[in-house]
Amino acid sequence: NAGVTQTPKFRVLKTGQSMTLLCAQDMNHEYMYWYRQDPGMGLRLIHYSVGEGTTAKGEVPDGYNVSRLKKQNFLLGLESAAPSQTSVYFCASSWTTEQYFGPGTRLTVT
Amino acid sequence: AQRVTQPEKLLSVFKGAPVELKCNYSYSGSPELFWYVQYSRQRLQLLLRHISRESIKGFTADLNKGETSFHLKKPFAQEEDSAMYYCALRALSGSARQLTFGSGTQLTVLP
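Listed in order, the protein sequences are those of chains A and B.
Counting with our numbering, you get residues 1 to 110 for the letters of the first sequence.
Counting with our numbering, you get residues 1 to 111 for the letters of the second sequence.
Calculated directly from the structure, the hints in this document are not laboratory data.
Glycine included, each C-beta is placed from N, C-alpha and C at the ideal position.
Watch out, some of these pointers could steer you wrong.
DSBU-like, lysine-lysine: derived pairs with alpha carbons at most 30 Å apart [stated by the list, open to error]:
(1) B:Lys9 with A:Lys57
(2) A:Lys70 with A:Lys57
(3) B:Lys15 with B:Lys57
(4) A:Lys9 with B:Lys15
(5) B:Lys22 with B:Lys9
Calculated from the model, a selection of chain B residues having no Cβ within reach of chain A, i.e. all distances over 10 Å [unchecked claim]:
(6) Phe14
(7) Glu32
(8) Ser55
(9) Thr68
(10) His71
(11) Pro75
(12) Glu79
(13) Arg90
(14) Val109
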């Protein structure tokens with residue numbers, strides 16, 4: 001049981017480049033979430049999904065898109081990266097109230 | 001909209017001393033409160049939730065609706081308690097089970 005995995009672990013992008021972060025869970029959870037973690041700001045919800053084929057905006061969705069084509073995967077896309085998107089990105093999944101987190105992706109945009 | 005405030009970014013205590021990490025929230029309805037912990041090089045994980053009224057690793061937290069607080073306490077801190085602690089709130093209305101996190105408190109327990 002791998003739990004929640006995230007790919008890649010680290011990435012450096014130039015301003016304007018695009019990329020996709022992959023989150024996968026093997027716990028058959030309905031709910032999945034993408035957060036960003038910035039110093040002094042805690043975790044802020046970017047987008048979330050309440051089931052396969054659904055997505056919804058969180059607190060800070062601008063500049064990001066998501067897709068949940070398969071129940072076990074939740075993709076976070078950056079179409080045109082900006083330095084303000086330099087952050088650590090966490091994916092999480094849940095069935096009831098407890099959320100299970102991935103190890104994080106450290107993204108730097110130069 | 002809900003909000004979670006953790007007033008201390010950094011907190012240092014000596015081993016064996018009591019520790020209290022503060023958490024205040026604002027929400028007009030009935031919330032569910034949690035403490036999550038992130039140890040060095042580990043994933044964020046649930047420490048405890050107010051509904052369970054349990055003690056985990058010696059930590060307890062009581063929901064005080066009058067003061068809108070959910071402070072985390074431990075009577076005798078250990079070095080292995082050093083970590084980043086996040087207080088989180090979930091609104092009981094709605095079905096998305098979203099959490100609103102505080103900004104976190106980095107706890108250091110000194111030998």
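Legend entry - Violations among the numbered hints: Numbers 4, 7, 13 - these are the hints that the structure violates, sorted from lowest upward.
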